[in-house]
Each structure stands twice: as structure tokens, then as C-alpha cells.
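Student: Okay, here's what each chain looks like letter by letter:
2 protein chains.
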Amino acid sequence: MSLSMYQASVPVFLRGLDNLSAIVAKAAEHAAARKVDPAVLLGCRLYPDMFPLSRQIQLVTDFAKGTTARLAGIEPPKYEDVETTVEQLQARIAKTRDFVAGFSAAQVDGSEDREVTLTIGGQPRVYKGQDYLLNFALPNFYFHAATAYGILRHNGVELGKRDFVGRS
Amino acid sequence: MSLSMYQASVPVFLRGLDNLSAIVAKAAEHAAARKVDPAVLLGCRLYPDMFPLSRQIQLVTDFAKGTTARLAGIEPPKYEDVETTVEQLQARIAKTRDFVAGFSAAQVDGSEDREVTLTIGGQPRVYKGQDYLLNFALPNFYFHAATAYGILRHNGVELGKRDFVGRS
Chain A
1 MSLSMYQASV PVFLRGLDNL SAIVAKAAEH AAARKVDPAV LLGCRLYPDM
51 FPLSRQIQLV TDFAKGTTAR LAGIEPPKYE DVETTVEQLQ ARIAKTRDFV
101 AGFSAAQVDG SEDREVTLTI GGQPRVYKGQ DYLLNFALPN FYFHAATAYG
151 ILRHNGVELG KRDFVGRS
Chain B
1 MSLSMYQASV PVFLRGLDNL SAIVAKAAEH AAARKVDPAV LLGCRLYPDM
51 FPLSRQIQLV TDFAKGTTAR LAGIEPPKYE DVETTVEQLQ ARIAKTRDFV
101 AGFSAAQVDG SEDREVTLTI GGQPRVYKGQ DYLLNFALPN FYFHAATAYG
151 ILRHNGVELG KRDFVGRS
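Line by line, the protein sequences are chains A and B. Mapping the first sequence onto the working numbering, position 80 (from 1) lands on 80, and the numbers just tick up by one. Mapping the second sequence onto the working numbering, position 108 (from 1) lands on 108, and the numbers just tick up by one.
Same shape as in the complex, but just chain A (with noise of 0.2 angstroms):
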């Protein structure tokens, strides 16, 4: 086996997309058993000026989307910003699951050095494929990921890291 464009993102994306669907369910259940409106965790941050939960997990499955799409060459499609429960981030997730399984490797094999062109502050970047993957979107998956397993663990939702990182 070969390292490949393809084995580095959507497999990735896809154990990651799963590990985030099981902790919002375990934040689900710890809601249910304290009697907790589950709309209150969604609504937690780290702090005033960061997202809260619900858009970490839109920010999640962006990146998953986004990253897999440009890197076999097509327009990501748009999700509208308008998950306010569980349900429906949950129904993100797997929407954004089904997304990116689609993709063959023929698909996403060889971007390394596809040109992927961001608009950041306004302004157009332009990225290789290898560095967009490896040095721009794995790291924000992963960032928005984290935050959201910070926030639940912040506010006393029982995980550990394994939810994270998931098992193998």
C-alpha cells in the first residue's frame, strides 16, 4: 500500500465525521439524564468570543466537505447555516458523511498538486493540493473537532480521548 491524496483525506474524514457523531450522542444522552435541554450545550463556548458547539460542528463537516470536494475538483455544495438541535447536526453529519464517501479514489488521487483556490479575508489564496490538505483543512478538522470535544468535556459531558481519536 501506497500513501495517497485519497487515504489521507477521505478515510480520515470519514473516522472523524463518525468519532464527532458518537460525542454529540453521548452529550445527547448526559443532557437527557440530567434533565438538561440539550439546546444549552449546543450553545456553550470556551469563551464569549469563540463559536459555540453547534458551529464547531458545522465547521466539522465544512472542512470534510469542502476539502474532499476542491480536491477532486468539483464546487463543495452549500450547507445552509441552520442547525439548532442535535437532530439536526446529527443529520449533518451523516449528510456531510454520505458527501464524502461518494468520492472514488480515481477522484482524489494525484491533487497534490491540483490548484485549490480559497477566498480568505477577502482575499484569494492559492494552495497545491498536498499543502492544502496536510497544512490548511487536516489541521482545521481537527481544531474544530478538539474544540468541540473541549466544550463537552468543559461542561462535564464523560468522555475520553478514545471518543476522540476513535477506535481501531
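Read the hints as simulated data drawn from the structure, not as lab findings. It cannot be assumed that every hint is accurate.
Identical copies look the same in the list; a pair holds intra-copy or inter-copy alike.
Straight-line C-alpha distance at most 20 angstroms; calculated EDC-like pairs for lysine to aspartate or glutamate [what the hints assert, rightly or not]:
no., residue 1, residue 2
1, Lys161, Glu29
2, Lys161, Asp49
3, Lys26, Asp49
4, Lys95, Asp18
5, Lys26, Glu158
6, Lys161, Asp62
7, Lys128, Glu83
8, Lys95, Asp81
9, Lys95, Glu83
10, Lys161, Asp131
11, Lys161, Asp18
12, Lys95, Asp62
13, Lys35, Glu87
14, Lys35, Glu158
15, Lys78, Asp98
16, Lys26, Asp131
As the structure is a computational prediction, the values presented were derived from the model and not from experiment.
Given chain A's structure and the hints, the job is docking chain B onto it.
Tutor: Then chain B, alone, in the frame of chain A:
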């Protein structure tokens, strides 16, 4: 350019270590400006049974050095976990950087199927190199880096996601 095990590990770890070092430097400036002992920040946690900032930083370096060494087929160096000051933690990050940067592409490339044995929960766990890097090492590396960032943001240190992802 074709994606390789070296490309997906060594430059990624070096970039993450540099970003962490810059974040820790900003935390130290923040503490100095407010006449707060930086050790207060190093002892902060997101929850009582999570690791404090100092340990999160140590773990980022552990995943960087351990992963690179194991992919190259050598025994990782042991670092004593004795750092209690910002200066000592910065020295550990720098020492790790030097160690990781010392590996050549030839030492790491081709390690996709190399067997890596970890002891997890007292039990041996055998990974193939590619699975180890993508599904264990990188998620852990980013988990501890993002948690370090989250601890500092939660305590009011002015950081932005660009500090985490790095300049490009």
C-alpha cells in the same frame, strides 16, 4: 510531487511545533503584561480530570518525536516530564523540533506497511505505519495542540485560529 509518508509527517509536525511555540510565547507575553505568574496558565485545565496546559504541550512533543522515530524504525527518545516553566517547555519544543527535523525523507518514506507496536492500556497494539500516522498520531498531535489553544483562549489569551493553523 507525490504525497509520501515523510511529507505527511515531518513537515507537518515541524509546522505544528512552530505554531505551538508561538502560541506559548503569546501566552507568556499575556501573563507578563498582566503580572500573572505564567505557571498559573501552565496549570490551567478545561476540566479537573483533564491534563493541564503544561502536560498538553509535553504530549504534543511526544506525538511528534514518537511518531517520526517509529515510522523511521528507531526507538523514540524518552523525555522526562519535568518542565515547570515556559522557558523549559519552549526548550522541550525546540529539542523536539531538532529531533524531528533530523530525519531524512529516505528514513521515513516507504513506512506505510512498517509495523509499529504501541502499548495502550498495558496491551500491545500493532499498527501499520500508514494507519498509525493518519488515524492515531495526527489526531492525537492535533488534539493536544488544540486543547492547549483552547485552555489559553478560555483563560483570555488573545489568539486566533491563524495562530493554530499557522501562516501560509
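Student: Can you name, in rising order, the numbers of the hints this structure does not satisfy?
Tutor: 7, 16
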